[in-house]
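K.L.:
Chains as they are written, first to last, in my numbering: chain G, 1 to 474; chain A, 10001 to 11175.
In case anyone wonders, no lab produced these hints; they're calculated from the structure.
It is possible that part of the hints are untrue.
Unchecked claim - The following label-pair restraints were derived from C-beta to C-beta distances:
| id | chain 1 | residue 1 | chain 2 | residue 2 | range |
| --- | --- | --- | --- | --- | --- |
| 1 | A | 10491 | G | 367 | 44 to 50 Å |
| 2 | A | 11139 | G | 237 | 53 to 59 Å |
| 3 | A | 10739 | G | 90 | 40 to 46 Å |
| 4 | A | 10829 | G | 94 | 56 to 62 Å |
| 5 | G | 261 | A | 10322 | 24 to 30 Å |
A virtual CB, placed ideally from N, CA and C, is assigned to each residue, including glycine.
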Amino acid sequence: MKHLTELLEEQRRFHTRRWFFRDCGVGLGGIALASLLGQDHALGAASLLAGQRPHFTPKAKRVIFLFQGGAPSHLELFDNKPELAKWDGKLPPAELLRGYRAAFISPNSTLLGPKYKFAKHGQSGAEISELLPHTAAIADDLCIVKSMVTDAFNHAPAQIFMSTGSQQFGRPSMGSWVTYGLGSENRDLPGFVVFSTGKKGASGGANNYGCGFLPTSYAGVPFRSVGDPVLYLSNPEGVDDSFQRDTIEGVRSLNQKRLGLVGDPEIATRIGSYELAYRMQQVAPEAIDIAKENPDTLALYGAKPGEASYANACLTARRLVERGVRFVQIHHEAWDHHGGLTKGLKEQCEATDRASAALVTDLKQRGLLEDTLVIWGGEFGRTPMVQGGNDGRDHHPNAFTMWFAGGGIKTGQTIGESDEFGFNVVSDKIHVHDLHATILHLLGFNHEKLSVRAQGLDFRLTGVAGEVVKSLIA
Amino acid sequence: MIESYQNARTASKTLRFPGPIVEGGFPTPAPMISGNRFLWICLPLVVAASHAADLPPAAERFDFQRDIRPILENSCVSCHGPRQQKGEFRLDSSEHLRKGGENGAPFANGKSAEADFIHRVARLDADEAMPPKESQALKPEQVGKLRAWIDAGAPWPEGFVIRDTTALELTKADLAKLPPAATRQIDFVKDVQPIFAGACYDCHGPKHQEANFRLDHKPTLFAGGELGAALVKGDGAASTLIHFVAGLRPEGRMPKKADPLTPEQIGILRAWIDQGADFPDEASVTIEDKRDHWSFQVPAQAPLPQNGESHPIDAFIKDRLSHEGLDFSPAAAPTSLLRRIHLDLTGLPPTIAEQRAFKSDEVDKAIDALLSSPHHGERWGRHWLDAARYADSDGYEKDKPRINHFYRDWVIGAINRDLPYDQFIIEQIAGDLLPKVTQEQIVATGYLRNTMLNEEGGVDPEQFRMEAMFDRIDAIGKGILSLGLNCVQCHDHKYDPISQEEYYEIFAFLNNDHEAQPRVYTPEEHQRRANILRDIAAIQTRLREETPDWEAKLAAWEDEWRAAAKPAWTVIRPEVDKNATGGQRILPQPDGSFIAAGFQPTKSTTVMRLKSDLKGITGFRLEMLNDLNLPANGPGRSFMGTFGLSEFEVDSTGADGKPAPVKFARATADLQAPEKTKVHPLFNEKEPKERYFGPASYAIDGNPDTGWSSDLGPGRRNFESVAVFTPAAPVDGTNLTFKLSQKIGGWNADDLQAAQMGRFRLSATTSPAPSADPVPPLVQAAFAVPREQRTPQQVATIFSQWRRVAGKRHPELAEKYSKATAEIEALWAQHPEGVTQFTLMAREEPRLTSVLKRGDWLKPAESVTPGVPAVLNPLPENAGDDRLTFAKWLVDRRSPTTARALVNRVWQAYFGTGLVATPEEFGTQGEAPSHPELLDWLAVDFMEHGWSLKHLHQLILTSRTYRQDSRVTPELLARDPDNRLLARGPRFRVEGEIIRDIQLSVSGLLQLDIGGPSVMPPAPQFLFEPPASYAPFPWKEATGKDRYRRAVYTWRRRTTPYPFLQTFDTPEGNVACVRRTRANTPIQALVALNENLSMEAARAFAQRILKEGGSNQAERLDYAWRLTLARPPQPDEIAALVPLMEKQRATKSGPEGETAAYTLAARVLLNLDETFTKE
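Only chain G is shown next, with the shape it has when bound in the complex:
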């Protein structure tokens, strides 16, 4: 447990130390050059955000969360329900609906058979839909969980819940907890990066990657796969590099004089921030420049330089974790198929299947998968009951599917089962809190101990719940 003030203090002490030992009196040109040449490892260990001491040896060091916002239908993608096909057009058994609340539909709507076919794949014989041929091809690298449950069944609360472990706004997100816990491995890039692809933005917006009461340094930084990767990264129009360097040199020089006069270490931190900003200007564009990838890799993902796409974001995510970014969240909001399910699912699978699978394959080829945790899933599932005519499904919190790869996950297995309608979980139920506990565990943290004191309480990602799911862990 750590007090917030302590946290800020620690950050400040770090900056001060760094400034006194390293930057004091050294002109910017020298610093920038050294670090740009990639030769500056003197402070590699003492990274900007040093992180906490893990509670035990981590199996995963970084996370890529492929957040399928809007909630994809588990019934068409992973949770094969032949029985549901037989019940197509019939009303569900009454006992199934006791106490059930649905978002749009009257719960007592007829059942809708699965729209797509399934087959078994890999040595593990995982059942995967015909819509996901690429995911199917890496079945043995995945751990598929068909028994996820959540508490909320409207998008914004459920996404906030998946992202922060609470339906109340204002809590730190998973990415900021992880960055807080593990720190950042790259001084020139943010520790927590967010992409938004899909048709819309995250439901609940910036709160899905906010830092809550943690310092702003732990907030997710939105990146784009086209244009400026980070907001205001480029020099403004009419400002060339020499102007920019001179400006920063002027700021540094005057700040340093002020520091000498008033002695506030906060000024040292400010000097560090400007220096870092300048380095980020050089480093970040390169980090996201997928044109530098070879054509085979581009083809593997289906990525096309210059396009805003899920595939590009996946490939960029790999480039970022390679460079030490701790947590990448790709928010692909496109799965809310109340109607047009058949066509919509097909479209979205075509947009994401290849790249999701490619990311796992690519990380594996590069030896990164071992300690990179890849998570795929949405905020809830969809009803076996029909919405509208015969081509839509409503929100459903009682059962949905996610998959996991890499980072200490026991792959080549499917965990959990839902009932014959895919309505309720019947075995190995995994609640969102359990998932969070397990993710932190893989990263080396006891979720009950990784806490921050704010508002007089010790807050944690898992609230007062959560149990590590042993079966997920290799």
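Dock chain A against chain G, hints included.
P.N.:
Chain A alone, transformed into the frame defined by chain G:
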């Protein structure tokens, strides 16, 4: 009142209260029966039983937990419960009760007057009276409550069981079963405590106190728990504790979760009690009494330390410094101090003129001037807006724009006029309940309404109303009381003496409101409106004067209306097809109307089905009704309270079983129907086409681009209205399907582009040839009042309606009246639009509040009445149970935390950290105050000076503590890194808003207008479009002066926070925030360097230096330094900057080189740490 005679007095009242009274004097909608599950309102009974006359009357209402349960618990279950079932009857659970006993069901037919149960408890027959002993007889009121309960069907909370808490009378046989007492001398520590520790502590120890009983704490062990005393000293066999461990209690054997005690162990316990139950004090744990915590004591002033410091603040600070072996730093340089007080009091750096005018020995004068500046409210209002979680959008998924600036401006204005803080709170919690309420006071209740609002498709509006309630209590807890209350939503507070029940008692104070959105006007608009109403009244007065017999004519018209045959309407209640509402919730109401809530699509067709046995339906009536929960009271849901009905369609299934559309011959509406009017531009589609509102016939013309509306333009948009649809042939169908097609909306449901029906009611008639009553509902309401009792306003309402038909009825009046009507219409066209604001308005019928199990709104448990936590100040005697009572309680002089909380936050704003470092939490988990006596002294002083914030500011600003130099020496840094002891002046980065204001002010771009709609300065457009934003948001970058307004006016969209401000730690406004973090990140550097407006400011600043700064570089840099930092540059600073400027100057020739050099200088200055910092 459509137009009315308004004398000056009513006009002035109009100015003050633009709510329902003014907008045509809406009749307040009929109070609705509470939708609550546990409140029953009973109808008068027809008494049938023979001796029912002797029964006490049934109560008007009852609450199970409050009224019924205690009776059953205290008077019945000891004989008819788990232990005894006399007469084979028990009533400790719903199942048992309903099963009855040997005399059958206790109230077979559900009528209390005939119920055997009631006859017994009312003691009608002494032989059968219950309870049997006369001394235990129920009071007549109790019998009345029981009657009301039975009449309502004897509702019983699901799963609830009444416990038998009466003393257990064990028989001798029972006691004979007890293991014998040990015969030796028992030692508590050696013999007894190990038994307790092994068997009992898990449930009755430090972690849990089941039944409120614990055995490790001596006083609690002897006091007993919920079931009364556990021990009878000297008599083990009579002690409940022994009965429990021996398994003699109906509740079951203890320990529940471990092995039973052995007979030997029980014998030891018996002997211990027999021997006097000795429990050495030192063997007991001690429990801190949390009520003794500092923040729960009413603050009192301690005497000032006598240490030579005459200023109270300095005396306390010095006291602590001396203890620590420290002393004050020297006074800050006057120029530093000037910039400090400017940034602190107005958030703006001193201008050159202000610097010149400043005399170093007149700091107090400068402070007075700044405290009277209108920009003071902008600076300090922002702190409160954080606590009030102010935002300009709804939050959650859709995050629609919310027009909210009246509240923000109210806060700024209140600070500027130094509205006493107690009044400031009262108006925000209950402004609407104050006598002679003003528009501003109603607007102030927006504080409670600043909650987020989830209107994504498929939400249950009640769920998110409850979320909003939780948020309101959280905001009050953090912002007013400095107590974290949100954990008490689910369970008793783990650390502070506040129970879950007490949380819901607070909830009960806030739970009885309409989420109202009245229309409000600016002072100018009020004036314009008053003028228009006055002019209209004058025209009507003239007409009356020129029509001497107007009263007789009017009466004749009214009489004719009365005499006319009217169709007999039957309200029909078709069932809403949940799958066909476009994601909207259409909620049926007790009066047969429907209220639309939740998501509002721009286009929808609501489908409703009815099985009817009406034969030969000749007409359908659609009433559009007002409701206080709709924008501007409705009847529509658009941001103006309007609606558009594109088509009214009915399918009828005849005898042949085939549905066929009903053909309508005509559609009529009351006289208020508008003429052909273009739809509001906000409702345009992406490709605008001609679309119209108009008469009812538009709803049966098969054209989706035309629709019926009751919208008569500004000032008259929100009347109740009626349309009647008349089929070509009578309808006999038994299955009717209604399709209410509402297609006149824009393209973006996540903007304010929808105009769905808000509240409506359907009726049918079989009377011949029905059409809409030409007299609108408002006028009918005036007709309903006997002629001689009508108010002038009601007469005016009737007159203005008659004016429209007078010409037709009396050809001689035609010209004059149509001319007057045209004049009046022209006046209405100039009426200001106004905007609607989120406020609260009390409901007539209070909701019942229940404790929610684990905070789940679907799991209500026992009900509660309004109340406050016992650990805080009590409510006054005979206090009411409305919000106003609660508001006054919050700012009661005896409140232990309210004044402290405020004083602490003001201190925090000045010194960076509060006297209590956790301003959101003063409970036992918060941090202890660094200077407790000072905190209390300030709190009391604040209250004694009429809760005046300006007094508090003045006090702090005149202290030596505040005016110290802020230099940090290595020694001080080591001794006191956070400057809690205040051996130096405050030095820290200013807030994001102030950084922006400094940029704009220094560069000369700043526009100092105060108040008004929020503005949209430059921001990357892609942020407001998918996929960066969930919904496309109309961020229209300001091009005029609004581009350069102070940051407090920047539009705050919750899911897309303004990047500049967010980067500098400005909160999103999702939840109350009383302490911002103050990070220092590279992203901040990027933003301050590169962001559009930051760069624009740097360029403008360069131009300003060149233009105003003098003729040479030295003068110009001096000017630039003074503008930015309020001090001249040091030679070494100039020496550092000039070479960089030279380099830029050399890159370009002539004026361009000069511009480049100064742009560099300007940009450097705007990025200095000192620029961002209050030194």
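K.L.:
Run every hint past the structure and note whether it holds.
P.N.:
A quick look at each hint next to the structure:
Checking the proposed 44 to 50 Å range against residue 10491 of chain A and residue 367 of chain G shows it holds: the Cβ atoms sit about 48 Å from each other. For residue 11139 of chain A and residue 237 of chain G, the hinted distance range of 53 to 59 Å is not satisfied, since their beta carbons lie about 25 Å from each other. In this structure, residue 10739 of chain A and residue 90 of chain G break the distance hint of 40 to 46 Å, their C-beta atoms being roughly 27 Å apart. Checked against the given bound of 56 to 62 Å, the beta carbons of residue 10829 of chain A and residue 94 of chain G, roughly 59 Å apart, stay inside it.
Taken as a hint, the range 24 to 30 Å holds for the pair residue 261 of chain G and residue 10322 of chain A, whose Cβ atoms sit roughly 28 Å apart.
Violation of the numbered hints given earlier is confined to hints 2 and 3; the remaining hints are satisfied by the structure.
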